[in-house]
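Protein chains in written order, with our numbering: chain A, 1 to 113; chain B, 1 to 116.
Because the hints were derived from the structure by calculation, they are not lab data. Heads up, the beta-carbon is just placed ideally off N, CA and C, and yes, glycines get one too. One thing to keep in mind: the hints can contain errors.
[Stated by the list, open to error] Incomplete in silico selection of chain A near chain B, CB under 8 Å:
1. 38
2. 39
3. 42
4. 45
5. 61
6. 64
7. 65
8. 98
9. 99
10. 105
11. 106
12. 107
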Amino acid sequence: EPEVTQTPSHQVTQMGQEVILRCVPISNHLYFYWYRQILGQKVEFLVSFYNNEISEKSEIFDDQFSVERPDGSNFTLKIRSTKLEDSAMYFCASSEVGYGEQFFGPGTRLTVL
Amino acid sequence: AQSVTQLDSHVSVSEGTPVLLRCNYSSSYSPSLFWYVQHPNKGLQLLLKYTSAATLVKGINGFEAEFKKSETSFHLTKPSAHMSDAAEYFCVVAKSYGGATNKLIFGTGTLLAVQP
């Protein structure tokens, strides 16, 4: 069964460093999403992406964040200068249609020291 | 604004007994509602979804949920718990901006423990 994959499973970085979280969505999906979950808090929407541009973004998704689909298979989330409060589990999701079921990856746990 | 409230952070049941995980929603229009499950070290998996068709929705692994507009509820049930049901369950509402995509709004989650 096709699934969304994410790498790495765990990333540790120093405050101020740049990180790139990688996702491989399901191959025939056209809509891509990032969510995050800070420990003990709700899963929160960050951004959705379609047709090589951002469709929606939350107030969390400020200028420190960017997304890219660099090739036909990867979808990345970049945090330019990490802060302590960026420590969270980051989930990638994809869907075949915009209002369809979103399929989630296993997440990347980001720890900022 | 749309939101969901999961009324229990932890639920513990014995194997073979019924499961009830409670969720109330708030929405200014007819919502799309979902239940997702997360097993340890796994991604979020869709259990079932309600999108204004039948109010009783059947999902995978014997789970079902009933949409009750009068009570603004979307509780998840299963007649008989299995050990493999132990996981975290999220009630989710979709918010549409009228654009190409949906934003999912998650509840705080209910951790289900199943005792032998």
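We went through each hint and held it up to the structure:
no., hint, in the structure
1, 38, "violated (12 Å)"
2, 39, "violated (12 Å)"
3, 42, "holds (5 Å)"
4, 45, "holds (5 Å)"
5, 61, "violated (11 Å)"
6, 64, "violated (20 Å)"
7, 65, "violated (16 Å)"
8, 98, "holds (4 Å)"
9, 99, "holds (5 Å)"
10, 105, "holds (5 Å)"
11, 106, "holds (5 Å)"
12, 107, "holds (7 Å)"
In the structure shown, a violation is registered for the earlier hints numbered 1, 2, 5, 6 and 7, in ascending order.
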